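These protein sequence lines map, in sequence, to chains G and B. Residues 1 to 178, numbered by this note's numbering, are exactly what the first sequence covers, in order. Residues 1 to 172, numbered by this note's numbering, are exactly what the second sequence covers, in order.
None of these hints come from the bench; they were simulated from the model. Nothing here was measured: the structure is a model prediction, and the numbers come from that model. Some hints here could point you the wrong way.
[Claimed, not checked] Facing chain G, from chain B, some residues (calculated, C-beta under 8 Å):
#1 Phe32
#2 Ala131
#3 Arg134
#4 Ala144
All C-beta atoms in this analysis are idealised placements derived from N, C-alpha and C, irrespective of residue type, glycine included.
Below are the chains, spelled out letter by letter.
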Amino acid sequence: MRRAARIAAVLLLLAGGGAVWARLFAGGPVGPIPGGWLDGEPTRDLPRDWTFANRAPYLLVESRAFTLPWSGRVWFLAHRGRLHLLLPAFFGQDLEQRLQVDPRVRVEIDGKVYEQVAVSVTDDVDTADLLAPVLRRQFALEIGGAARRIPDAKQAGMSIFRLEDPPALAASVGSSPP
Amino acid sequence: MKRAALVAFVSCAILAGCGPWGPQGILAGGPFLGAAQQGPPKDWSFTDAEMLIGIETRGELFRHSVTILCVSADGKLYVMARHAPKKRWVQNVLRDPRVRLQIADRIYAGLAVRIDDERGDAPDQTAVARAFLRKYVGLDAPGARALGGAPAPGDDRAEVWTFRIDRPEVWP
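Here chain G stands alone, though its shape is the one from the complex (with noise of 0.2 Å):
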């Protein structure tokens, strides 16, 4: 029995530590794990159409509306040259909850960071169109047709935010991919 705690407390010093290492040294988020500030270099050379990305599953976010930087690997596409940022809420809420105090994010895309501004979209008017590559390619759904937004699902669905460009940024928007 004593030998069975001893284990457990093994196991769950290396997994809090490694948690801490994460969110605190290694640069962005470890597999899964959420990590501190992301260590890409920082650009303000923003692209005018963010296509090229959607190549990449994941896109690495970081918020810094609390005190302690989060990034995490976040569900994305670009549409219509602009980032989204797909977030179910099966994969929890820290993001979102992070956005709702400060929209303002950094997104690192092939080594490179950017500063984006994260809102809001609540309209029906392309939802469907916005999700359905990202459907297919995580859960092999076709939309197949007319879709609408299910009025007062925000909870159970899944949140959409488009990534815009700071102003202070607006002028170094550049118009090709980096």
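Please arrange chain B on chain G, whose structure you already have, making use of the hints.
Chain B in isolation, oriented as in the chain G frame:
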């Protein structure tokens, strides 16, 4: 350095997965503590309130439990596996379909029966696709359908298998 941390994390996760406890978030676990409810529910629609449930499967040596998504359709319960051929719990279910489910604070026994077909348009599968979009995406899509079978080479979509939870032949 990142790789070392990932290896340490995976090692911890594997070791934790042998313990006598259910899954903890993204970490796999061992057998559930506690006995299953006597008799299955007639209608599983109460599970719509649960985003995640636990499933305990029988491995060759140990029981193995993980957290999964579930949907109810027409009163029946379905569970899905993304990237199914790579999942240990799926391999266990194919070998031995007896499972236990942890839903909220209760445990239910059942038999996991794979229902999807190559074309993805089995009646159950279509109902599951619609129910899934309603529950997890907040989308009402009457024309939704599942893509069955393995993805073609170069297609980066996940391979999703769906299992219906049936009443066990012998109640444990």
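Find the hints from earlier in the document that the structure breaks and name them by number, from lowest to highest.
1 and 2
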